[in-house]
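Chemist: Next come the chains, spelled out residue by residue.
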Amino acid sequence: MEQYDVIVIGAGNGGLAAAATLAEKGKRVILFERHNIPGGCGSSFRRGRFEFEIALHQLSHMGTPENPGPLREQFARYGILDEIDWIEIKELFRVNFPDGTGVSLPADREKCVAHLCKEFPAEAEAIKEYFKVVYDFCDESTAFAAQSAKSTGEPGALKKLIMKTGFPRIYPTLAKYALKSTQEVLDEFFKDPKLQLALSAYWCFMGMPPERFPFAILAKCTYFYTETKPHYLRGTSMMMNQAIMEAIGRMGGVVRLNCGVKRIMLENGAAVGVVDENGVEYRAKKIISNISPLTTYGALLAPEEVPESAREYLKPYTVGISALTCFIGLDCTPEEIGFTTSFTLNYESLDANKDFRDAYQLLPDHDPLVATCYTVDDPSVSPPGTSIITAGTLKYSAEWEKLTPEQYYEMKYEAGRRIVARLEKMYPGFTEHIEEMEIATPLTHMRYLNHPGGAIYGYEQDRMQSVFFFPAESKIPNLEFASGWVTSCGFGPNYQYADGVASKIAAEV
Amino acid sequence: MAKTIKETLLGTLVHGEEILESIRVSRSISQDKIPVGNIADKKVAALHPERLSLVVADIVDTGKNARIIRFAGADGYLPPFEAGQYINIFTEIDGVRTSRPYSISSSPRQRAYYEITVARTAEGFVSDYMIDKVQIGDRFSANGPAGVFRYQPVFHSKKALYFAGGSGITPFMSMIREVLEAALDRDIVLLYGSRTPEAALYHDELAAYAEKYPNFKYHLVISEPAEGWQGETGFINADLIARLVPDYAERTAYICGPQVMNDFCKKELESMGVPAKRIRREMFGARKDIQNEPGWPEGLTGNEVFRLTVGDRVIDARSGESILTALERAGVRVNVCCRSGECSLCRVKLVSGNVFLARGMLRRYADEQYGYIHSCKAYPIGDVVIQL
Ligand SMILES: Cc1cc2nc3c(=O)[nH]c(=O)nc-3n(C[C@H](O)[C@H](O)[C@H](O)COP(=O)(O)OP(=O)(O)OC[C@H]3O[C@@H](n4cnc5c(N)ncnc54)[C@H](O)[C@@H]3O)c2cc1C
Ligand SMILES: Cc1cc2nc3c(=O)[nH]c(=O)nc-3n(C[C@H](O)[C@H](O)[C@H](O)COP(=O)(O)OP(=O)(O)OC[C@H]3O[C@@H](n4cnc5c(N)ncnc54)[C@H](O)[C@@H]3O)c2cc1C
Ligand code: FES
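Going down the list, the protein sequences come from chains V and D. Residue 1 is where the first sequence starts when you use our numbering, and the numbers rise one by one after that. Residue 1001 is where the second sequence starts when you use our numbering, and the numbers rise one by one after that.
Looking at chain V on its own, in the form it has when it is part of the complex (with noise of 0.2 Å):
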């Protein structure tokens, strides 16, 4: 029986960084993905001439040359950050509203001040303020991040009444808003609906209406993008995938394509090890499972075999949202049709909590709209004289569950028409120059990344599920997670969290 120090299931961005990061570090490490290619949700398909990408808009934490950012210095250690073409994206994104008026943010905090102050000039005083509590709660989530890091165990209760009444004091930001919701926030600054909608468009990376949304993440993705500049890279984040794959074989690791893992084997209640699909046992120390917990328990474990305490533990925790999605190659250039910024977020009407509700329905007609054409910031990503573009919606799986499969096909193209519709009354003349078209729903997502629910955010991530409260603890020893669904989601910090769940266990085994 093959024996290593650790085995990880699954090679989604946590499950490639795990690896890679415990290669690194000279571990024996072996790397499951039932999929015939690395990276989970972020991958891509051919169609025709184009390649699309199927989640990265844009990447987080890379920070420049100059500056570089947690990952760019994560990618250097594992030897690739040369070996891929970064793009550095100008712009944040632009939020267009249902009266045809649009705001777009540089990626940039003074810039991006100075451009709203003149848009808003009636709340210029409180756009200034606003992006002062944003760089400060970031400031003071870092300093107090340090400073838990330090500390280990509980402390005592003298020491806990101490820090009770001296947390508010040294971080006032974090204790006012740590807990608030974007809407929340967003009232208390500011009057004009299109300057709120402007501000909270990062709510879609995480799938919460702003009413839900959590403000400590809306902090936060604000910052990181700014300070770091959203990136894209040439090839799709298949690039990423592929380059983090090799350095794993590179540093002495190893990684099975096509071969899923069936089972994880206990011994007194503890792992010990994997059966993969075609019924082959590995042993190892320790298991990294980038798959949902759900999953993980529930289809890699006998049902008698799941502690009591797992159970417990994941209660309270919901599955997240998936998304519909339609893959676009358009023969011709983004300007002739008029698209000027990368990402867009695109409102049916100034009511974004409200429009959000379609979510729950299954098709797409008032959801706010996210389109995103890659070709603005690079056009070698598409051959020339053409343009790739997503456009969708973040659906939750429900309603997709409910249809017959005969309902299916029919239901996903009439959600791509509705879609294609959408964008039509945008960019008239857009229908004509459709090339290649594919709709993924969240059965689709469902299918290739087997995630309850279609799931591309984990679970759902609003103040009660995420922030402070991933359900990050694995109930079996030996076994840990690193996925979307115990950390926050993303690329840039699904890469970072697995790095850190690697390099504690490295330094265990």
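If you are wondering where the hints come from, they were derived from the structure by calculation, not from laboratory data. Everything numeric in this text was worked out from a predicted model, so none of it was measured. Glycine included, each C-beta is placed from N, C-alpha and C at the ideal position. Don't take each hint at face value.
Stated by the list, open to error - Sample of chain D residues lacking proximity to chain V, with all beta carbon distances greater than 12 Å (derived):
hint, residue
1, Gly-1063
2, Arg-1067
3, Thr-1091
4, Thr-1121
5, Phe-1140
6, Ala-1238
7, Asp-1312
Said to hold, decoys possible - Some but not every residue of chain V turned toward chain D, in silico, with C-beta under 10 Å:
hint, residue
8, Thr-64
9, Val-319
10, Ser-397
11, Ile-419
12, Pro-493
We have chain V already, so just place chain D with the ligands on it with the hints.
Modeler: Positioned in the frame of chain V, the structure of chain D with the ligands alone reads:
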């Protein structure tokens, strides 16, 4: 119980106590969420089962060197498909496990069975087996239905122009049957190229449809006409298209047939100003005479035998056969579906050596950068080392 430091600190935040309380309530009223088994797989299975289990329910000899085979689901269920899609059927012949894709020719409106039509090919391997050996009651596993050669209502024209060559008529049968039998608001012109009228599959059925339905026109184009043939002759070229289908510019064109015909029709359409978005093509597998493909290295005949190393195995591989076939002959399991270079399931890493890559391989950019190839369309032209 004393509060943990985390709870203590969270309690000092605005909304802290309130959110901690909500979590406590939610914990006490929530159900166990851990499922038994893999719920995602189970839910997707009705649409995309991991494997199809098929049993041969009926066989019809067409008398034309082709056989119609109808498969029922071994467990009574067949998933829905889109007219134009194929299934990839696994076989084990003389100890070799391989597979071949076949377009479904029955209408997707009924799923009591999937019908395929297998045409005999010169030196065929699986086709011979399908035509000569397969009997009612035989069981097969398959993957699919798969493929994107289909009507995409969001941007395809309701008016279609089909170009079929030989057994390439099969996906069109499914499309035609669906449109006509379900009385869909669409319009079809079919140009069917065949060597002889006798070799044309489904001719009687197609002729009868053309009689009956005003939204279906059918032209058989014979390349080797015998004395007395009254219909169209020659190749399907620009002149013929312009003459028979004057409104071709309003139509979405679909091409399915042997590669030479496929390439030719595409060129003709392009010469008539039809843009790429209106030309949809089915890659009907890899061509057998790969040594006639443009770019094939001079001096190689297709019969050279090279060493193909995979892991600790060394296999003989003929230059005229795909790496996928060499692996299958040697009993190495490779994931596979389209066998046409499009789906990427057969992707392997080329560690060293030279391969010839046939046209039509839809490779990802990252695969090009990191040396991954689709083994169904890659041919060894020297000793080769690969990694699965
Ligand atoms: C449409 C979409 C848009 C997004 N946009 C962005 C964006 O712009 N920016 C951003 O930062 N993030 C974005 N994200 C989120 C980001 O992609 C995810 O948060 C992140 O990729 C999650 O990574 P993960 O490590 O949880 O792994 P996942 O991507 O969830 O991968 C899990 C892997 O495990 C494999 N697996 C499952 N079961 C088994 C088994 N039994 N054995 C072996 N392998 C198994 C799966 O095949 C899969 O590869 C987007 C996601 C989607 C889908
Ligand atoms: C999407 C799609 C749809 C299709 N639909 C249809 C359809 O509807 N009807 C139809 O008739 N065809 C269809 N085809 C073509 C079909 O898949 C086969 O290519 C065809 O039946 C010929 O198969 P064959 O094995 O007889 O011939 P080939 O595939 O040409 O087989 C000969 C090859 O088999 C290999 N071989 C020979 N002997 C052995 C051996 N002993 N061990 C291992 N390998 C050996 C060699 O490589 C040889 O070159 C379709 C193809 C595609 C891609
Ligand atoms: S089997 Fe689909 S690309 Fe080779």
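Chemist: With reference to the structure, classify each hint as holding or not holding.
Modeler: Hints, verified against the model:
no.: 1; hint: Gly-1063; verdict: holds, 35 Å
no.: 2; hint: Arg-1067; verdict: holds, 29 Å
no.: 3; hint: Thr-1091; verdict: holds, 20 Å
no.: 4; hint: Thr-1121; verdict: holds, 27 Å
no.: 5; hint: Phe-1140; verdict: holds, 21 Å
no.: 6; hint: Ala-1238; verdict: holds, 21 Å
no.: 7; hint: Asp-1312; verdict: holds, 15 Å
no.: 8; hint: Thr-64; verdict: violated, 23 Å
no.: 9; hint: Val-319; verdict: holds, 8 Å
no.: 10; hint: Ser-397; verdict: holds, 8 Å
no.: 11; hint: Ile-419; verdict: holds, 9 Å
no.: 12; hint: Pro-493; verdict: violated, 20 Å
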